[in-house]
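Asker: Sequence:
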Amino acid sequence: MRYVLSCCILLVISACRYPTERLEGYKIHGIDVSHYQNDIDWNEVLTQDIDFVFIKASEGQMMRDQHFAYNWERLGEKDVRRGAYHFFRPTIDAGLQAKNYTNFVRLKMGDMPPVLDAEILDKSTPKKLRKGMKTWLETIEKTYHIRPIIYTNLNFYKDHLQGHFDGYPLWIARYNTVPPRLIGQKEWQFWQYGNRGRINGIEGDVDFNVFCGDSIELAKLCVKER
Numbered sequence: 044m045r046y047v048l049s050c051c052i053l054l055v056i057s058a059c060r061y062p063t064e065r066l067e068g069y070k071i072h073g074i075d076v077s078h079y080q081n082d083i084d085w086n087e088v089l090t091q092d093i094d095f096v097f098i099k100a101s102e103g104q105m106m107r108d109q110h111f112a113y114n115w116e117r118l119g120e121k122d123v124r125r126g127a128y129h130f131f132r133p134t135i136d137a138g139l140q141a142k143n144y145t146n147f148v149r150l151k152m153g154d155m156p157p158v159l160d161a162e163i164l165d166k167s168t169p170k171k172l173r174k175g176m177k178t179w180l181e182t183i184e185k186t187y188h189i190r191p192i193i194y195t196n197l198n199f200y201k202d203h204l205q206g207h208f209d210g211y212p213l214w215i216a217r218y219n220t221v222p223p224r225l226i227g228q229k230e231w232q233f234w235q236y237g238n239r240g241r242i243n244g245i246e247g248d249v250d251f252n253v254f255c256g257d258s259i260e261l262a263k264l265c266v267k268e269r
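Count along the sequence shown starting at 1, add 43, and that's the number in the numbering used here.
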């Protein structure tokens, strides 16, 4: 048992240490970026079979990603699906966090739904975390008239969120070549399978993702004309 556990730990460490190779067997590939990727050459990036991009927009009550406006505007000019995510701080008023996002992000037809990035407790409790998430998600859905996506890692989902937000699309982080397996009937829509991807047009590492479906199914998830 100790040998098996040691091997599993080594596999996880290896997945995070070595460059992430693009997965085969999926039709729709994407990346997610923030200010950590610095200045991005989107003309170069989008020549490499990238179908969607998630961009960090905001965090907590006041923080806004310094590269969001540029990235959002540039991608709005391209033939690619774009989405904006908010990093959730469980100890900060969820209504104010939702306002931070809605005051900053403008969606248009064809954009992907807003994303709530929930992956820390910040010395809060799981119950308070879920209550705050519910407030943010419901506020965002009322504002944009589309159901948001929840992003989290597999362990955090199993420990704190499983069974509580089954009506929301799910974006799961699991750095592995084996897809995440969720208990029950819940399925993931997006999978972040590595954080050391390399792509022309971006200096340094970037997260690699896939969508569980084809372009038609992805379009169904996105903002419709009202």
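Check the hints yourself; a few may be wrong.
Claimed, not checked - Simulated DEER-style distance windows between Cβ atoms:
hint	residue 1	residue 2	range
1	Arg65	Gly206	15 to 25 Å
2	Gly210	Glu120	31 to 41 Å
3	Leu164	Lys142	32 to 42 Å
4	Gly138	Pro169	14 to 24 Å
Note that these hints are calculated values from the structure, not bench results.
Computed from a prediction, not measured in an experiment: that's the story for all the values here.
Note that beta-carbon positions come from the ideal geometry of N, C-alpha and C, so glycine has one too.
Asker: If you check the beta carbons of Arg65 and Gly206, does the distance land in 15 to 25 Å?
Answerer: Violated, at about 33 Å.
Asker: 32 to 42 Å was suggested as the range; check whether the CB atoms of Leu164 and Lys142 agree with it.
Answerer: 22 Å, violated
Asker: State, for the Cβ atoms of Gly210 and Glu120, whether the hinted interval 31 to 41 Å holds or is violated.
Answerer: 33 Å, holds
Asker: Note whether the CB distance of Gly138 and Pro169 lies within 14 to 24 Å or breaks it.
Answerer: Holds, since Gly138 and Pro169 (Cβ atoms, about 20 Å apart) stay within the stated range.
Checked against the numbered hints listed earlier, the structure breaks hints 1 and 3; every other hint is satisfied.
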